[in-house]
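Peer 1: Reading the sequence shown from the start, the letters are residues -36 to -1, 1 to 151 in mature numbering (1 follows the signal peptide of the UniProt record, and there is no 0).
Hints are not guaranteed to be accurate.
[Said to hold, decoys possible] Quick list of simulated restraints, FRET-style, between CB atoms:
1. R90 with G(-24): 19 to 27 Å
2. G(-24) with S5: 47 to 55 Å
3. F83 with P107: 38 to 46 Å
4. V14 with G(-15): 29 to 37 Å
5. R130 with P(-29): 57 to 65 Å
6. S5 with F96: 33 to 41 Å
[To be verified] List of simulated lysine to any residue pairs, SDA-like, C-alpha gap at most 25 Å:
7. K109 with L13
8. K(-25) with L34
9. K(-25) with P112
10. K(-25) with V49
11. K(-25) with P110
12. K(-25) with L135
13. K(-25) with G10
14. K109 with V97
15. K109 with A(-26)
Hints were generated in silico from the structure; no laboratory data involved.
Backbone N, C-alpha and C fix where the C-beta goes; we use that ideal spot for every residue, glycine too.
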Amino acid sequence: MTAVTVRPSPAKGALRVLRGTGLAITSASLSVAAHAAAGGSVPDPGTTLVITSLLAGAGVALAGRRRGSLSIVGALGVGQLALHVFLQLAGSHQDGGAGPGVSLDPVTMTAGHVLAAVFTGLALARAEQALFVVANALGLVLPRKPDPLRIVTELVAVCVPADTVRVLAELIHQRINALRGPPVHSC
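The task is simple: from the sequences and hints, build the whole structure.
Peer 2: Next up, the structure:
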């Protein structure tokens, strides 16, 4: 029986879900914070949770394999764009305008989203790279587990000579009958 090494994979199972959800939470947090900083209204928590869950579904789908910096920055950028449009439709900017030093200019807001997506995406790409390195290192030191036993799906006919069956039947009969008989009477 051969042994296989247990290798945790960030592209499968709970780590995949964690990676995809992390991307969604990061994207939603950036968008809501940037929108609020630019004087926009903050959506209610339920709405934010729904949109973050939708982004998490897309993030988990993307997390099925190792991604590079460009893919992560791109996914974060698309998430930023989708959330920006959603936040514009869901709420409006406050009547008092932006806070001190904050501009509502669309070019500035877009630049802010782009910069946030690029820097955060690069940080997430580094974190992803580190996660895969740690997973590979753990795979080298974790104990090995044996392959599962094979399941036999074919019936194999066994031919036993009649003489052998007769001898075995006679031995069984003698053994059973030797234990049986009338009780022994003591005088």
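Peer 1: Confirm or reject each hint.
Peer 2: Cross-check of the supplied hints:
no.: 1; hint: R90 with G(-24): 19 to 27 Å; result: holds, 22 Å
no.: 2; hint: G(-24) with S5: 47 to 55 Å; result: violated, 38 Å
no.: 3; hint: F83 with P107: 38 to 46 Å; result: holds, 40 Å
no.: 4; hint: V14 with G(-15): 29 to 37 Å; result: violated, 18 Å
no.: 5; hint: R130 with P(-29): 57 to 65 Å; result: holds, 59 Å
no.: 6; hint: S5 with F96: 33 to 41 Å; result: holds, 39 Å
no.: 7; hint: K109 with L13; result: violated, 40 Å
no.: 8; hint: K(-25) with L34; result: holds, 21 Å
no.: 9; hint: K(-25) with P112; result: holds, 20 Å
no.: 10; hint: K(-25) with V49; result: violated, 31 Å
no.: 11; hint: K(-25) with P110; result: holds, 21 Å
no.: 12; hint: K(-25) with L135; result: violated, 59 Å
no.: 13; hint: K(-25) with G10; result: violated, 29 Å
no.: 14; hint: K109 with V97; result: holds, 21 Å
no.: 15; hint: K109 with A(-26); result: holds, 21 Å
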